[in-house]
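Start from chain A and add chain B according to the hints.
Residue numbers (this note's numbering), protein chains in the order written: chain A, 0 to 255; chain B, 0 to 255.
These are computed hints drawn from the structure, not numbers from a lab. The beta-carbon is built from N, C-alpha and C at its ideal position, and this holds for glycine as well. Incorrect hints may appear among the rest.
[Unchecked claim] With a cut-off of at most 20 Å between alpha-carbon atoms, the simulated DMTMM-like pairs for lysine to aspartate or glutamate come out as follows:
no., chain 1, residue 1, chain 2, residue 2
1, B, 246, B, 100
2, B, 8, B, 38
3, A, 57, A, 40
4, B, 172, A, 193
5, B, 172, A, 137
6, B, 101, B, 194
7, A, 172, B, 137
8, A, 60, A, 226
9, A, 241, B, 137
10, A, 24, A, 44
11, A, 101, B, 194
12, B, 246, A, 245
13, B, 136, A, 245
14, B, 136, A, 238
15, A, 134, B, 236
16, A, 136, B, 245
17, B, 255, A, 200
18, A, 134, B, 38
19, B, 216, B, 100
20, B, 101, A, 99
21, A, 172, B, 194
22, A, 244, B, 137
23, B, 172, A, 195
24, B, 136, A, 236
25, A, 172, A, 226
26, A, 57, A, 213
27, A, 224, A, 109
28, B, 136, A, 99
29, B, 244, A, 137
30, B, 101, A, 193
31, B, 172, B, 200
32, A, 136, B, 238
33, B, 101, A, 194
[Said to hold, decoys possible] The calculated label-pair distances, taken between Cβ atoms and stated as ranges, are:
no., chain 1, residue 1, chain 2, residue 2, range
34, A, 83, B, 184, 23 to 33 Å
35, B, 95, A, 37, 52 to 62 Å
36, B, 36, A, 215, 55 to 65 Å
37, B, 223, A, 253, 26 to 36 Å
38, A, 123, B, 9, 53 to 63 Å
Below are the chains, spelled out letter by letter.
There are 2 protein chains.
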Amino acid sequence: MKVFGIFYKPGLKSIVDEFVQKLKKKNAHIVFLTSNEKEIEDHTDLTLVIGGDGTVLKAAKYVSSPIIGFKGGRLGFLSSYTIDEFDKFLEHLESNSFYEDKRQFFEVLELNSLYLNDIVAIREPHQKMLDINVKFKDGSFYFHADGIIISTPTGSTAYSLSLGGPILLPNVKAYVLTPIAPQFLASRSVILPDDEKISVETSFPSHLIVDGHDFGKFNKFSVRKSEKSITILRPLDYDFSKSIKEKMGYGKNYFK
Amino acid sequence: MKVFGIFYKPGLKSIVDEFVQKLKKKNAHIVFLTSNEKEIEDHTDLTLVIGGDGTVLKAAKYVSSPIIGFKGGRLGFLSSYTIDEFDKFLEHLESNSFYEDKRQFFEVLELNSLYLNDIVAIREPHQKMLDINVKFKDGSFYFHADGIIISTPTGSTAYSLSLGGPILLPNVKAYVLTPIAPQFLASRSVILPDDEKISVETSFPSHLIVDGHDFGKFNKFSVRKSEKSITILRPLDYDFSKSIKEKMGYGKNYFK
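Just chain A, with the same shape it has in the complex (with noise of 0.2 Å):
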């Protein structure tokens, strides 16, 4: 892998350039390097991504090819390396001893918009609670809340579990439904398949946020798996289990 891009959240700069020259010493052609995700080109054989994980989540719409993202102080869920382990990677780059990380995209049929952790349907502050109904293959369920969550597993640990929501491993074929503060009693999770379609209906016109990014109001939308997925590099040592117990003290031995 030679033929690198690299994305970075503006204001990181100076680490990039650092970056930069380390990568030329490797003989590196980099072929982009912007905080525009629109100048993003998508063929290289790796796109860095200097940056949180809203970052990487701009990044992965762009791009096909395997994506690594690297941090500032603690590793995000799409980071791979903190920007100190910039030397580690460069020595697994040697190698290629990469583990791949494939995550699913889902799409906003009505947006034409891609999503790689949620797309959350909410009321404005000043406005009264939703009706919404959501529909599936198989079924349908009923929400008067605030709003509702349709999440991607690699999403379930982002806004679905600060709602109380379960956390998904990223290899699991699912959706995630969550409601925000529903009325009555309604407020467990739901688990779908991730190949059936979903049509959401609001009682009036709420706010679209897909993948953090605000689209406007709408009172339906639906969606579905997309053909598009991305590969995220690891060490090879990552473990989903440990970057969960590590950020949230998750299932993590505290006797020890």
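Relative to the frame of chain A, chain B by itself:
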């Protein structure tokens, strides 16, 4: 379908006798009629189960041909008709118009025992909390808790739900891992793909309850997807989400 077996919950004999009269009028051949699961034979076209979900669970282990449950009062998750709907069933039988609801069995390797709902590892009331280590292909989780449940999608509406777990549609290919009274904040359910073997170790022997049956104390067990599945015949208008709405009011339109 003319060759029937009938398995019933003790105490429901008089109802069963009525059913038998009606079936004989339809020239049905009844090869077994018992409330003792050991007497169930596996060469019928269809096994009728009169009783609750527990009775269906018992029968399902012994047959490979389809099963239909009849329950008094309200429907259970595994029953397809109420006892009062027997004539309706006979009509559906005439036209052989049923929806096939396939449910996957899982197995506990050490006990050589199948389960359709869940396996529960739990301490006795006088004992201290368990240290529980759960290993799977891609990682492990550790819990300090009263116990742990490994549930199938079918079992996700049983004990796991009572402990805060999500609802899985029957056709999701996954396990649900739900801790019982965990210390620290590891209280969320974890969803794992059903093609992985799960191994559990506890700091001291705990009761293993498999589909409600206590197998005694063990400090180790492992589960995997079984080759066995069972087909539950349903009325054509069967809809899992409807049964969830009826039974728990989950995602039900209260304004209609």
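Results for each hint:
1. Taking the CA atoms of residue 246 (chain B) and residue 100 (chain B), the gap is near 18 Å; set against the 20 Å cutoff, the hint holds.
2. A C-alpha spacing of about 13 Å is found between residue 8 (chain B) and residue 38 (chain B), which places the hinted pair at or below 20 Å, so the restraint holds.
3. Taking the CA atoms of residue 57 (chain A) and residue 40 (chain A), the gap is about 13 Å. The hint holds against a cut of 20 Å.
4. With a C-alpha separation of about 10 Å, the suggested pair residue 172 (chain B) and residue 193 (chain A) falls inside the 20 Å cut-off, and the hint holds.
5. This hinted pair checks out: residue 172 (chain B) and residue 137 (chain A) have alpha carbons roughly 15 Å apart, not beyond 20 Å.
6. The straight-line distance between the Cα atoms of residue 101 (chain B) and residue 194 (chain B) is roughly 17 Å, inside the 20 Å bound, and the hint therefore holds.
7. Between residue 172 (chain A) and residue 137 (chain B) the CA atoms are separated by roughly 15 Å; this keeps the pair inside 20 Å, and the hint holds.
8. Restraint check for residue 60 (chain A) and residue 226 (chain A): the C-alpha separation of about 12 Å stays at or below 20 Å, so the hint holds.
9. Distance check on the hinted pair: residue 241 (chain A) and residue 137 (chain B) sit about 10 Å apart at the alpha-carbon level, within 20 Å; holds.
10. A threshold of 20 Å between alpha carbons decides the hint, and for residue 24 (chain A) with residue 44 (chain A) the separation of about 18 Å falls inside it, so the pair holds.
11. Proposed proximity of residue 101 (chain A) and residue 194 (chain B) is supported: the alpha carbons are some 17 Å apart, at most 20 Å.
12. Using a Cα cut-off of 20 Å, the hinted pair residue 246 (chain B) and residue 245 (chain A) is violated, with the two alpha carbons roughly 39 Å apart.
13. This hinted pair checks out: residue 136 (chain B) and residue 245 (chain A) have alpha carbons roughly 19 Å apart, not beyond 20 Å.
14. Distance hint between residue 136 (chain B) and residue 238 (chain A) is fulfilled; the C-alpha atoms sit about 10 Å from each other, no more than 20 Å.
15. The straight-line distance between the Cα atoms of residue 134 (chain A) and residue 236 (chain B) is roughly 16 Å, inside the 20 Å bound, and the hint therefore holds.
16. Taken as a hint, the residue 136 (chain A) and residue 245 (chain B) pair is honoured in the structure, with Cα atoms around 19 Å apart against an allowance of 20 Å.
17. Only pairs whose Cα atoms come within 20 Å are accepted, and residue 255 (chain B) paired with residue 200 (chain A) is accepted, the gap being roughly 16 Å.
18. Taken as a hint, the residue 134 (chain A) and residue 38 (chain B) pair is broken in the structure, with Cα atoms around 43 Å apart against an allowance of 20 Å.
19. Between the alpha carbons of residue 216 (chain B) and residue 100 (chain B) the distance comes to roughly 34 Å, so the proposed pair goes past 20 Å and is violated.
20. With a CA separation close to 33 Å, the supplied pair residue 101 (chain B) and residue 99 (chain A) exceeds the 20 Å bound.
21. Pair hint residue 172 (chain A) plus residue 194 (chain B) holds up; C-alpha atoms about 11 Å apart against a cutoff of 20 Å.
22. A distance of roughly 13 Å separates the Cα atoms of residue 244 (chain A) and residue 137 (chain B); the hinted pair therefore holds under the 20 Å criterion.
23. Taking the CA atoms of residue 172 (chain B) and residue 195 (chain A), the gap is near 13 Å; set against the 20 Å cutoff, the hint holds.
24. Between the alpha carbons of residue 136 (chain B) and residue 236 (chain A) the distance comes to roughly 13 Å, so the proposed pair stays at or under 20 Å and holds.
25. Proximity of residue 172 (chain A) to residue 226 (chain A) is assessed by CA-CA distance (about 14 Å); at most 20 Å being required, the pair is judged to hold.
26. Restraint check: the Cα-Cα separation between residue 57 (chain A) and residue 213 (chain A) comes to about 14 Å, which is no more than 20 Å; the hinted pair holds.
27. Simply put, residue 224 (chain A) and residue 109 (chain A) have alpha-carbon atoms about 14 Å apart, close enough for the 20 Å limit, and the pair holds.
28. For the proposed pair residue 136 (chain B) and residue 99 (chain A), the alpha carbon gap of about 15 Å is at most 20 Å, so the pair holds.
29. Distance check on the hinted pair: residue 244 (chain B) and residue 137 (chain A) sit about 13 Å apart at the alpha-carbon level, within 20 Å; holds.
30. Of the supplied pair hints, the one linking residue 101 (chain B) and residue 193 (chain A) holds, its CA atoms being roughly 18 Å apart against a limit of 20 Å.
31. Between residue 172 (chain B) and residue 200 (chain B) the CA atoms are separated by roughly 24 Å; this puts the pair beyond 20 Å, and the hint is violated.
32. Our distance criterion of 20 Å between C-alpha atoms is met by residue 136 (chain A) and residue 238 (chain B), whose separation comes to about 10 Å.
33. At most 20 Å may separate the alpha-carbon atoms for a hinted pair to count; residue 101 (chain B) and residue 194 (chain A) meet this at roughly 17 Å.
34. The hinted window of 23 to 33 Å between residue 83 (chain A) and residue 184 (chain B) holds, with their beta carbons roughly 28 Å apart.
35. The supplied range of 52 to 62 Å is met by residue 95 (chain B) and residue 37 (chain A), whose beta-carbon atoms lie about 59 Å from each other.
36. Range check, residue 36 (chain B) to residue 215 (chain A): about 59 Å between beta-carbon atoms, so the 55 to 65 Å window is met.
37. Range check, residue 223 (chain B) to residue 253 (chain A): about 29 Å between beta-carbon atoms, so the 26 to 36 Å window is met.
38. A hinted range of 53 to 63 Å holds for the C-beta pair residue 123 (chain A) and residue 9 (chain B), which are about 59 Å apart.
When each numbered hint is compared with the structure, violations occur for hints 12, 18, 19, 20 and 31.
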